[in-house]
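K.L.:
If you want the building blocks of each chain, they are given just below.
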Amino acid sequence: MRVLALAGRRLAASLPTLLIILIGLFLLLQLAPGDTVDALMAQMGGGSAEIAADLRAFYGLDLSVPAQLGNYLWRLVRLDLGFSAIYGKPVATVILERLPATLLLMTASLSFAFFFGLVLGVLAARRVNRWPDTLISTLGLVFYATPSFWFGLMAIVLFAVHLQWLPAGGFEEVEAGLTGFARMLDIASHLVLPTLTLGLIFLAIYLRIMRATMLEVLTLDFVRTARAKGLDETRVITRHVLRNALLPMVTLIGLQAGTMLGGSVVVESVFSLPGLGRLAYEAVVQRDLNTLLGIVFVSAVLVILVNFLVDLAYARLDPRIGAGR
Amino acid sequence: MDLTRRATLLTSAALAASVLHPERAFAQETPRRGGIMSVHFATEQRILNPSLQASTGVYIVGGKIQEPLVDLDANGNPAPCLAESWEAAPDGKTITFKLRQGVTWHDGRPFTAADVQFTAMEMWKKILNYGTAVQLFLEAVDTPDPHTAVFRYSRAMPLGLLLRALPDLGYVSPKHVYEGSDIRQNPANTAPIGTGPFRFVQYERGQFIIADRNPNYWRNNLPYLDRVIWRVVGDRAAAAAQMEAGQILFSPYSSLTIADLQRLGRDPRFEVTTKGNEGNARTNTLEFNFRNPVLADIRVRRAIAHALDVPFFIENFLGDFAKLGTGPIPSVSTDFYPQGMPQYAFDRRRANALLDEAGHRRGAGGVRFNLRLHPAPWGEDIALWSTFIQQSLQEVGIRVEIVRLDAAGFLRSVYNDWNFDLATGWHQYRNDPAVSTTVWYRSGQPKGAPWTNQWGWTDAETDRIIDDAQSEVDAAKRRALYADFVRRVNTELPIWMPIEQIFVSVLSKRLRNHSNTPRWASSSWHDLWLAS
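Just so you know, the sequences run in chain order U and P.
So that you can map any letter, position 117 of the first sequence is 117 in the UniProt record's numbering, and since no number is skipped, the others follow by simple counting.
So that you can map any letter, position 507 of the second sequence is 507 in the UniProt record's numbering, and since no number is skipped, the others follow by simple counting.
Just to be clear, a hint being listed does not mean it is correct.
DEER-style ranges, computed between Cβ atoms [stated by the list, open to error]:
id, chain 1, residue 1, chain 2, residue 2, range
1, U, 130, P, 262, 47 to 53 angstroms
2, U, 65, P, 492, 38 to 44 angstroms
3, U, 88, P, 102, 32 to 38 angstroms
4, U, 175, P, 516, 23 to 29 angstroms
The hints are simulated quantities; they were obtained by calculation from the structure and are not laboratory data.
Heads up, the beta-carbon is just placed ideally off N, CA and C, and yes, glycines get one too.
Only chain P is shown next, with the shape it has when bound in the complex (with noise of 0.2 angstroms):
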């Protein structure tokens, strides 16, 4: 008797135990089911649908409702998600995908090959941005049977450069809603119809989308959040604003002002840094036009790169969410970025001493020629960076006027029309070089396709090194070109990358399981919850 009240007792001791400090009572914090994640949305895009659109802005909401073949895991490899398993050819021109089965669509429908097969080839390969590049050499996908797509290309493959490309860029869309229709103008764009853990519900646009737990998701008894909600709000300040208020809890891809993440991040309610972004990175450009014939004498390139003193520019004004660059591999890219590539440190006399030998001696004023520098409109470090570079290179007798464009009229003032001297902007690094990095150095670039070599800078050496890294199936030999390429490029120096840089997550301590793989803003949040 005595002995079961006294284990009566225990036990209700526990409980309480439990309940007020959960924290306190599991070393392993069981997960709360329910809740609803308020996620800041800052730029509406047109569409939803990430197998039509890749970037961060189509993944911050189409990457809970869709999901790709393959995905990252912790450790940034290849991890199973539609596809289960996969396996390529010795020549490496055939990629056999087995897919999960026992997957439905919201609608009820069964995931198959078909779909695969439909999104590949009339998505991926004829519409998805640098999908169209990647899948350049698809053929044809087979479905020799329901759970089985093999994806044929007329050029070897490699396998690595594919897996690492498909978490951004194979997310599958149902062939059953898509086909037969106009795709670009197909409803489904803006609500979504996917495999994910939450199923579309509402699109107010200029107010919110909001997504709820879906009950048949092929992950059992997941996701843990009944629903996610996506703010719009377009002004940074506001933004941190309504995150104070509790709001808002998870602010993605370093949408809030860089004094305002400094401020949060003293916060104790808030979490501010770049892990989970890691497959996010990018370098802030120095991009030359060389049609300028100034720009087009070596000397002047290597000059002003060492006009620049990042490291001060970057303690001063970026603080810890950047790092020194070296070139277009960032060093997040453990599996090719090289060591020990040829580098422009600050060092204004040398810039000078380059300056005189290109034969540009200081006229009137001390100035030895103008530029005009287009900064891109994104980004807060970008108009900063612009304005450092205007005043560094003041110091070695170059004047800089600066333009400023917005979005459309940068893009077409820079890369269609070339009415630019100097421009800086972002390069987005997407994993593997051959992606979205070797773009900006390719001869042969159709005039007008942004972030890509308008410069008008040709080297046959390095064209074909790219050409060669492409379809290079073995990883090390891969490995190696693309350090060649680096060398090669920051030798010669059409573009310079001085600046490192990972999107910036705020995010609300009440989250549990967040930032768990480098792409997890983009990613599912399957395993999300939310501590009371």
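One chain only, chain U, in its complex shape (with noise of 0.2 angstroms):
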């Protein structure tokens, strides 16, 4: 119950950054030239001045800076994060919409990456300065250092418009009006390439780290007596060596929890998903100021469970960390 307390702990002390980052958020954002009038009048292509005058009133921009972010706190306080300028709905509502696109991507381009990048890290390890080793580390480089939106038309290119396998983009097929598993095996086969374009980078971060961890452990005492045991290297491997490897692994997943939210706007875009990533670059792009703010608070909640989790799974792994030394 300690690690309860120990994570619950930085559960509380996330809060007030929480809070820093939205108001410094809102106040970078008054930085930026134009607001979302502006933003609206390039989409009209001309308007009057009244117009404009008569949008700002609607829109609560005719109000003093320290007015506008007391509105936009005291609202937060009650659980309101306020009305999209750009689509005319509660913001929750509008996030609500995108959340399930970029969890399943999320989810879908981790889970891919952390497995891959964990069997082939091991492999790399135990072939380590052998071909297959040379391969891995290649392949793991040439996927990290490649463009992802390069990556991703390049696939839809081969498997969408040459071989025709799988849909060049969106999130489901609009004409067919799927129901139950049909949608769903529909809604997987539009995931496929952005999932594989999003984790072949983290893949090769994986994999890396995996590797040299692996290499590490691998030297320490504690495997050395295991061998002299008489266990397998299978099981030293698995029971011994992996277990302590995954430490950083885990550490590196909560952190790119976070950097997947907001770093997969470029996916999102080339396939067209509806995810948050491009919400929030619409949002900046449109200065539609509570729906970027919104989307900051439900991916720093999201960041913030994550951690916790990983809090949670490093006591699992490490039972020092538990025992509270």
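From the two separate chains plus the hints, produce the assembled complex.
P.N.:
Next up, the structure:
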């Protein structure tokens, strides 16, 4: 239970951080030239000054900056994220609509990256400096160095345009009007390419980390002891080395859950997925302050949540942490 | 017996031929019913109701669901839509529209003159961008009977101007849906209710919009299509890939990259054309800030215009999709395009001479002075054009720093804060110079109104011509006044508009009856059909 208390304390400590992030972002956005009415004018292709003044009053932009910030924080205390200027709906609704796609994509590509990173990392470490290691490490480097938009576009050109195996974009096929299991399969087929595109970059990182820690742990004394005990190599690797080598991997997953929420803008744009990344990008371009702050709020909460789970996982992997030394 | 058998054989042979090769069986193809049209929707809009927002991003969706009073025919002349006929009083202050009878809204209520009255007074005059300017002197709309709408103006309204403005600025919304509500927040803004050939079904933000065939459409037995789907694809390269994969049949308004337009133009599956967009002409601008004393000197502005080799730029960067511009009125506007206006051909020696004459001698490194250039962030051509300006002006000793901002930042810096030296973007020409062109030159524009005269330039003569033309009822006299206008502004050069462009459509060759009016991409597509 010490673990829970520890994690709970960290949870409480993250609240002020959240507040500072929100206020900082609000002020930062005030520095960006133009407001949401300018962005709307750009979309409309013109309009008179009276229309602009009218719209500013409509969006509450005629108030002073401190008053706007005060209003925002007061609403936040009441768990009201406000009204989105672009979508004309409550921000909470807008975000909830976009959350499933993001979470699906994030979970799928993180699992993909984690699993294959782990397997390939172990393989590389076992055959260190021989050809499997060289091959795996080179591939990892290639994946890591390739920009994801290029990777995504090439995947579309190959698998959707030429081979026609997978759809070129979108979240699901709307014409078909599928339901139930057929719809699930359809969504899955739409997510294959984005998952691979997003996952490959992360795969490279996991792979490198896994290889390095495996090599490090393999030289430690307890591994020699285990071998001396007469354990077979598979058991040594899975029971002793892998478990210890997993700690940095778990740390990394906590960190990357956050990056992935924001970092999937490119992949979401290339594959036309209705996710949070694209929503955030649009909110910035359109200066939709409420929506952007809402997304930051939700993302921050998700990151805090993931870190909480990571804390719990640490204790499971390394009993010394739970023992509270 | 024998005869009958032969006849049967012949008929079945003809039938087989028509099934296998329909295009050979009939000289004129018979339209096929059914099918789903899928459209590339590049920039999502906040609303879809064209009575409230005049922009191509709204027309591409709302224009299939709602209809205007007047549309354009194949030759660009005003054609009846919801209005069947019109008539202007000799003094130009009263214009009477006879409305179509037996038209119903998608919710089943009848369309009447009350809808026109409400939309004109509450939307066109108060909210619709450009509508507010065109209808500035609209006093009232009388409805003597349910199928007559009489527009009363306090100043003469040229019938030609109104008819050319209405296809874009004359969409009608249902009074019973909007009356007594906050118009800007009405749910119908994103779920529009109209009289058009397609009725709104669903809008999933960030994904798609669906509209289905309206079975009660007033054009009997139309439309041919069962459904229209707009796919939201923000990434240009991804949109091109989706077209190739067959997920998108039509990408309107130059929404793909120039490289993809050229590539798909060589692909036999697609047609890449400016046809059907003649009503959406635009010019690339070069805007000068007169608050910078260097640019207030006409010799400097002319020198800059002379320093740009526009034909070279067009040939090497824009290809077939652009042509040399000659001023604010583009050549597609045959009603107003004036011949023989002052021009600024590429002449580097003359540019240098003018700058010397203005007293700007070359200093260290051959530099005369520095300027900041703000390019608008829409359109790949603007980015290319701004780099071209930078390099061309370098040759005549002007060092240009390019300041790139996003849409909101650009509009704020240029049109509100006046914090620029040069700016470049698009001027949209909307069929009549009085709609969205003269505001670029008329003085007295309120600060902050985008795409208006924010240059710090005032010219009494230009203002007089613009005002006279605005209320001149005689078409020939109006045309002459606009020729005077172009001559004047091309001489004074507060803005230079050296490139003319028309939006480019990319269409699947399966589409039939497409691009058949000058604003086809924006129009209702009631006669569009899909070959199998």
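K.L.:
Give a verdict on every hint.
P.N.:
Cross-check of the supplied hints:
no., hint, verdict
1, 130/U - 262/P: 47 to 53 angstroms, "49 angstroms, holds"
2, 65/U - 492/P: 38 to 44 angstroms, "41 angstroms, holds"
3, 88/U - 102/P: 32 to 38 angstroms, "34 angstroms, holds"
4, 175/U - 516/P: 23 to 29 angstroms, "26 angstroms, holds"
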